[in-house]
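A.B. asks: These are the residues of each chain, in order.
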Amino acid sequence: DGGITQSPKYLFRKEGQNVTLSCEQNLNHDAMYWYRQDPGQGLRLIYYSQIVNDFQKGDIAEGYSVSREKKESFPLTVTSAQKNPTAFYLCASKVIGPRQPQHFGDGTRLSIL
Amino acid sequence: AQTVTQSQPEMSVQEAETVTLSCTYDTSESDYYLFWYKQPPSRQMILVIRQEAYKQQNATENRFSVNFQKAAKSFSLKISDSQLGDAAMYFCAYTGNAGNMLTFGGGTRLMVKP
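Chains as they are written, first to last, in the working numbering: chain A, 12 to 124; chain B, 325 to 438.
FYI, nobody ran anything at the bench for these hints, they're computed from the structure. Model, not experiment: these values are computed from the prediction. Hints may be right or wrong, so weigh each one.
[Unchecked claim] Per label pair, the in silico range of CB-to-CB distance: (1) 73/A / 405/B: 41 to 51 angstroms; (2) 333/B / 73/A: 24 to 34 angstroms; (3) 39/A / 331/B: 17 to 27 angstroms; (4) 408/B / 51/A: 41 to 51 angstroms; (5) 70/A / 393/B: 35 to 45 angstroms; (6) 387/B / 73/A: 34 to 44 angstroms; (7) 405/B / 84/A: 39 to 49 angstroms; (8) 344/B / 51/A: 42 to 52 angstroms; (9) 353/B / 37/A: 11 to 21 angstroms.
[Claimed, not checked] Looking from chain A toward chain B, a few residues come up when the C-beta cut is under 10 angstroms (computed): (10) 54; (11) 56; (12) 67; (13) 74; (14) 101; (15) 103; (16) 107; (17) 109; (18) 116; (19) 120.
C-beta: ideal position from N, C-alpha, C; glycine also.
Construct the entire structure; sequences and hints are all you get.
C.D. replies: Now the structure itself:
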């Protein structure tokens, strides 16, 4: 079945440590996205990519980095510069075009140890 | 910048009744697209319904329908014959004609009472 796979489901970060969240899709979608969701709040865009080897910052990119070396993969690194990383992270992908909806993965819950 | 506002943090409805969730948005574009997403306790985001701004007819998907008022920049979601499985967070979202980013509202938590 086609879909978006995020791993791990739960992740713990120590102070000063970088961690990487994985997002893989087999939907052949060109565009991929990373969102952060804090408790009881909506989704805020961190980064997005519409083509391999290119990506753009969203509203809250500081303290995060991404890469897009393959169409299927869009990993997100939460760096030590992100001082409040505890949140739920959602990855999404879509076909290029405004009418096309975003399809979401099941998310990763990141917590500070 | 576009903004999306959901003014009802929480709503409740009796099973089998009808409920309407509100959403307003601000944009200077004439062509755009609006979406409602559902996020159940499992946290996965599920598309409920979408509306193209150029279409005057309101979108409908089974028990879900929208009331799209372009001049008022309003996009409400009506859920008919509410079911226990409808209990979730509902998010309204906007994308412009370029379609490369979604802007989400803050969400409305819907509780369904048996």
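A.B. asks: For this structure, which hints from the list above don't hold up?
C.D. replies: 3, 4, 5, 8, 9 and 13
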